[in-house]
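Colleague: Residue strings, one per chain:
2 protein chains.
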Amino acid sequence: MRQPLTRELADLVERGRDRQLRLAVTGLSRAGKTAFLTSLVNQLRHAGLEARLDLLPAAREGRLLGARRVSQPDLAVPRFPYDQAMAALAAEPPHWPAPTRGISELRLSIRYRPTRSGLWRGDTGQLALDLFDYPGEWLLDLPLLGTDYLRWSTQVLAGAGAQRRALMAEWERAAARLDPAAEANEAELAAIAEQYAMALRAAREAGFADLQPGRFLLPGDLAGAPVLQFFPLPGLADGDRERLEALPPESVYATLAARFRHYQQHIVKPFYRDHFRRFDRQIVLVDVLGALNAGPERFEDLARALATLMQSFDYGKRSLLSRLFAPRIDRLAIAATKADHVTPEQHPRLTALLEALLAEPLKDLRYANVPVKALSLASIRATDVHEVVHQGERTPALRGTTLDGESLLLFPGEVPSRLPDADFWARQGFAFTAFRPPPSPHGALPHIRLDAALDWLLGDKLR
Amino acid sequence: MRQPLTRELADLVERGRDRQLRLAVTGLSRAGKTAFLTSLVNQLRHAGLEARLDLLPAAREGRLLGARRVSQPDLAVPRFPYDQAMAALAAEPPHWPAPTRGISELRLSIRYRPTRSGLWRGDTGQLALDLFDYPGEWLLDLPLLGTDYLRWSTQVLAGAGAQRRALMAEWERAAARLDPAAEANEAELAAIAEQYAMALRAAREAGFADLQPGRFLLPGDLAGAPVLQFFPLPGLADGDRERLEALPPESVYATLAARFRHYQQHIVKPFYRDHFRRFDRQIVLVDVLGALNAGPERFEDLARALATLMQSFDYGKRSLLSRLFAPRIDRLAIAATKADHVTPEQHPRLTALLEALLAEPLKDLRYANVPVKALSLASIRATDVHEVVHQGERTPALRGTTLDGESLLLFPGEVPSRLPDADFWARQGFAFTAFRPPPSPHGALPHIRLDAALDWLLGDKLR
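Chains as they are written, first to last, in this note's numbering: chain A, 5 to 467; chain B, 5 to 467.
Next comes chain A alone, as it looks inside the complex (with noise of 0.2 angstroms):
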């Protein structure tokens, strides 16, 4: 009598699993995560009614009933602003939501027919939807937790190429100045920390995304606390460690590695600790297009950022993520956005561009077994595709509203299938326009492929 209990038993606790997903949104600043994740949460609740997501077998089946927005299990995480994001997007002119800051989350309850009737919960299923957005720049920190201050400050200033090491110019004649053996100066400190942390904000403005240490950029309630005011020190060497770490703690050196490792252990641990470790799946948004329009320096530091990025998701037994935190996140998407700034046929080239961007740390992934996707996809569609008879060939072009309502018909041109080289930045091939979103829809907001994400981040829990 019990055998069959037990094995029922079973069951429920399986499904009991499989009733919970935790999926992570990220990217570096303007990657498109704010749209992704309104879409994303747009679509699932217009789902059977106007949300068209053929590529996701619940839907396109008709299981997929409905999603409903509940309470999130975190009640100290701020909520993704959904609302605030639908009304920029239905104002007149439509514009693009605020970036949000941090860390945000929202809870949805998906309602789904399954392909086979469950035993205990009649002819639906439920599935708790916990969405999370956070920056990308947060785990631009987690090689920080692998080294120390002298190693990190020696790193810094050898990997800043020619276009970063002007914006930092400033900040570094003050720093060289800095005795490490002189007592430490409060304010003097603090003021050469703002200067570096001008330098960062200067660089991001410049379209640059390797940036360290990523809080710098959004201190929130930190802001003007002595944990966010480091800052390498110009001048040392490796041989140095001995002399520097005899150092007083009232010294420029010490003080300033006393506050590295208190940022190692007090911001870059918790967010790992509290929040990314219970990740089931993560999507990565890049912005390639914007990259390749900004130009070759701004392209590699992508390029860079992104492999370093990409380490949070590498869990090789020996990666130091795996050891100090044990992650879960078993599927991973990489998607590039804004598809819709390019043709429809530029769209294999995107993603194939995006592939080529991520190549070492793809194979780092593959070789970890981390089941990993790579797609194109637009958000929220901004323009439409024409079909333009130019010098009797038909040509493809969108037509879209730029930020400033200007109406234009385009032909953005060929996207490279591979990481482009010096003759393609001589040809300036690419010119990226950012258009305003679309004219608010009555039902589901207009998307490219969304729907084939979905699929690979939720689609087996919705069978």
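Derived from the structure by calculation, the hints contain no laboratory data. Glycine included, each C-beta is placed from N, C-alpha and C at the ideal position. Mixed in with the good hints there might be a few duds.
Just a sample of chain B residues kept apart from chain A, beta carbon distances all over 12 angstroms, derived [what the hints assert, rightly or not]:
| no. | residue |
| --- | --- |
| 1 | Pro118 |
| 2 | Arg155 |
| 3 | Ala164 |
| 4 | Leu336 |
| 5 | Arg353 |
Only part of the chain B face toward chain A is listed, based on derived beta-carbon distances under 7 angstroms [said to hold, decoys possible]:
| no. | residue |
| --- | --- |
| 6 | Val81 |
| 7 | Pro82 |
| 8 | Gly224 |
| 9 | Ala229 |
| 10 | Arg263 |
| 11 | His266 |
The hints should help you fit chain B onto chain A, whose structure is shown.
Modeller: Leaving out everything else, chain B in the frame of chain A:
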């Protein structure tokens, strides 16, 4: 041989203990915290030179040698923005520094000559003075720890006067429509919580002070988090407890109650545990004149808010605070700020009024044997006193520059030395004019009795 050494060591330990003092400054918003702390740092930085600190014996006797800013021990606490405050005062025209948000800290290292030269440290002593600044509103949350959601709900609404109630009308209509037993609608609760927060902000704008929960006014990184999205439910009674507590976790009542508990545990408690219980001395600043100016309902509201606030300093054995956190504040000052806005002969009345306003809490504190001193002061003196012959009588008047830049000679009138009665309010006996800061001095900032406050708060550590 060992006996003398042991005694010397004990002596050293005793002196060691005296070498650090954690002094906290608080007050409700606009009480003058930033001006007080700025002037305090400024006076100590100028000690021995231009500062006039005659009421502080160490300064009067020439034993106060100077003070230097050094690195603060709490790396995750924002630094008190002293330089920015001084820049505001030095601007042309000078303006009051921007108010601080949340907690901030600054450490001074004070050098002084002890009255008797020490055995171990030559002829100078050193005191590390850690200064903290935090919103008095945070202390208004203490009573939340001693109650639960149901009792809080009934008390908030019962306690509000007519003007407060009018500001809450819109929220109250929306909240009254909620069925405590219905399933919580996430977006609806967020919207009603925002109305509640707006009513709190409107009440603060209108001059009210007794505002709970305090973090709703300065949410910082928690903006948009469910933990800041609860509110009292109208129409509940303590007799409903059993029925309400049996409601399922998805119900409106259970959802709001869970958020209230999270606020207690993860917002209110950490401040007391991580900061408050480590303060040695405390000064509470009160803008008595501003409240006098605002009329009877707001003046009574201030009295109520101060009574609540002072509970955090009542260390009677049975007090909630003592049981939870074992705080160690051993000396307290309460100060009526902006004394320069009335003529000097009114200062004793101002102090007497402050003591009348705090009569009940002061009784409790004396019973609990907490040494407390009441005084009136001006952290940064913005007016000069002139004697004016008026109808043959010599009358003191104030000369200052209004916030609009107008130079004014003013008779501010009499401060009542007891709690004002209906008669006083009917006569509208007091008109408060705000002045801009004095032109930037070359030496220390001008003040009134800041040195008396300093003597009470740290004079014994400079002997």
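Colleague: Please go over all the hints and tell whether each is borne out by the structure.
Modeller: Outcome of the hint check:
| no. | hint | result |
| --- | --- | --- |
| 1 | Pro118 | 23 angstroms, holds |
| 2 | Arg155 | 21 angstroms, holds |
| 3 | Ala164 | 26 angstroms, holds |
| 4 | Leu336 | 27 angstroms, holds |
| 5 | Arg353 | 39 angstroms, holds |
| 6 | Val81 | 6 angstroms, holds |
| 7 | Pro82 | 4 angstroms, holds |
| 8 | Gly224 | 4 angstroms, holds |
| 9 | Ala229 | 5 angstroms, holds |
| 10 | Arg263 | 6 angstroms, holds |
| 11 | His266 | 4 angstroms, holds |
Violated hints are absent here; each numbered hint is respected by the structure.
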